[in-house]
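Using the hints provided, position chain B relative to the given structure of chain A.
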Amino acid sequence: DVKVTQSSRYLVKRTGEKVFLECVQDMDHENMFWYRQDPGLGLRLIYFSYDVKMKEKGDIPEGYSVSREKKERFSLILESASTNQTSMYLCASTTPTGVSYNEQFFGPGTRLTVL
Amino acid sequence: AQTVTQSQPEMSVQEAETVTLSCTYDTSESDYYLFWYKQPPSRQMILVIRQEAYKQQNATENRFSVNFQKAAKSFSLKISDSQLGDAAMYFCAYRSPDLTGNQFYFGTGTSLTVIP
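Sequence order for the protein chains is A and B. Under the working numbering, the first residue of the first sequence carries the number 1, and numbering increases by one thereafter. Under the working numbering, the first residue of the second sequence carries the number 1001, and numbering increases by one thereafter.
So that you can see chain A by itself, here it is in the shape it has in the complex:
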C-alpha cells in the first residue's frame, strides 16, 4: 500500500516561530503537494514539486516555502508563523499524468495551531 506520512498530527506554535512540516512517501512518486484545508474553502494548493529540488508555487504560497532534497521527502516551512496560518495541512503525492493510478495519495494531515 502507498503510504504518505506526516511528521506530526497536531502542532502548537507561537507567533513568529519557524515551523517545519515534513512529509514522506514510500512509493517513489515524482510529484508531491502541500495543501491547506480550511472549512468552507476546501483544499488550497500552497506548493507542489515535480522533481527533486524543483518546486512550483500554488494558489497561496505567501508566507510559506518548501524544500525537496530527496525524492521521498517534501517539507513545508513557515518562516515566521502567524495566527492566520492556523489550519490543517495536508501533504499528497502522485505519479505524473499518464501513469496508472494517477490519483493523489494523502497523508493524515497536521493540525497546526499558532498562538
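None of these hints come from the bench; they were simulated from the model. Here the structure is a predicted model, which is why all the values come from computation and not from measurement. Ideal placement from N, C-alpha and C gives every residue a C-beta, glycine not left out. Heads up, some of the hints might be wrong.
To give an idea of the interface, some chain B residues facing chain A are shown, with a C-beta separation under 7 Å as derived from the structure [unchecked claim]:
(1) 1035
(2) 1044
(3) 1047
(4) 1050
(5) 1107
(6) 1108
(7) 1109
Pairs of lysine-lysine residues, derived as BS3-like cross-links and limited to a Cα-Cα distance of at most 30 Å, are as follows [said to hold, decoys possible]:
(8) A:57 x A:18
(9) A:3 x A:18
(10) A:57 x B:1078
(11) A:71 x A:18
(12) A:53 x A:18
(13) A:57 x A:70
(14) A:18 x B:1055
(15) A:55 x A:71
(16) B:1073 x A:53
With the C-beta cut set under 7 Å, the calculated list includes, among others, these residues of chain B facing chain A [as the list claims (entries may be wrong)]:
(17) 1045
(18) 1104
(19) 1106
What follows is chain B alone, placed relative to chain A:
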C-alpha cells in the same frame, strides 16, 4: 485555471437509502481525470472513485457510482445503501492532463451525515 463547484455544503441521508452528491467543473480541455475523495472525521483522505474523461462508461465501485455528463461538465457521486461509515466530507477533484502542471483542483466539499 479550472474550477470545481460543489453546491451542496451539507447533505444528509437515512441509513440504507441512496444519496447523490453533485459536482460541476469548468474546463476547456477535452481529456482529463475526475475523482471523488472521502475524508472521514479526523481521518485520512482516501479515494472513493475515479473517472477518465475519454471513457463514456460511468465508473462504479461497489456501492459508489458516478454519473459523468461530459457535455454538461457534471460529475455526481451516488452512494447506494448508505452506511454509518459513509459519514464524511466528500471532495470532488479535477486533474489536468497537462504534463507540466500536474495540478489538481478541488471543490469545497460536501459534508454527508448518515442518520441511523
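Verification of the hints:
At its closest, the beta carbon of residue 1035 of chain B sits 6 Å from a beta carbon of chain A; the interface hint therefore holds under the 7 Å criterion. The beta carbon of residue 1044 of chain B comes within 5 Å of a beta carbon in chain A, closer than 7 Å, and the hint placing it at the interface holds. A distance limit of 7 Å between C-beta atoms decides the matter here; for residue 1047 of chain B the minimum to chain A is near 5 Å, and the interface restraint holds. Taken as an interface hint, residue 1050 of chain B checks out: its beta carbon lies about 6 Å from the nearest beta carbon of chain A, inside 7 Å.
Given the 7 Å rule on beta carbons, the hint for residue 1107 of chain B holds: about 6 Å separates it from the nearest Cβ of chain A. Using the Cβ-Cβ criterion of 7 Å, the hint placing residue 1108 of chain B at the interface with chain A is satisfied: the shortest such distance is roughly 4 Å. The beta carbon of residue 1109 of chain B is positioned within 7 Å of a beta carbon in chain A (closest approach about 5 Å), and the interface hint is therefore held. Between residue 57 of chain A and residue 18 of chain A the CA atoms are separated by roughly 20 Å; this keeps the pair inside 30 Å, and the hint holds.
Of the supplied pair hints, the one linking residue 3 of chain A and residue 18 of chain A holds, its CA atoms being roughly 27 Å apart against a limit of 30 Å. Only pairs whose Cα atoms come within 30 Å are accepted, and residue 57 of chain A paired with residue 1078 of chain B is rejected, the gap being roughly 34 Å. Our distance criterion of 30 Å between C-alpha atoms is met by residue 71 of chain A and residue 18 of chain A, whose separation comes to about 23 Å. Between residue 53 of chain A and residue 18 of chain A the CA atoms are separated by roughly 21 Å; this keeps the pair inside 30 Å, and the hint holds.
With a C-alpha separation of about 19 Å, the suggested pair residue 57 of chain A and residue 70 of chain A falls inside the 30 Å cut-off, and the hint holds. In summary, the hint linking residue 18 of chain A to residue 1055 of chain B is not supported, as the alpha carbons are separated by about 47 Å, beyond the 30 Å threshold. Restraint check for residue 55 of chain A and residue 71 of chain A: the C-alpha separation of about 12 Å stays at or below 30 Å, so the hint holds. A hinted pair counts as satisfied when its Cα atoms are at most 30 Å apart, and residue 1073 of chain B with residue 53 of chain A does not qualify at roughly 36 Å.
Contact between residue 1045 of chain B and chain A, as hinted, is supported at the beta carbon level, the nearest pair being about 4 Å apart and thus within 7 Å. Below 7 Å, beta-carbon pairs count as interface contacts, and residue 1104 of chain B has one with chain A at about 6 Å; its hint therefore holds. Interface restraint check for residue 1106 of chain B: the shortest CB-CB distance to chain A comes to about 4 Å, inside 7 Å, so the restraint holds.
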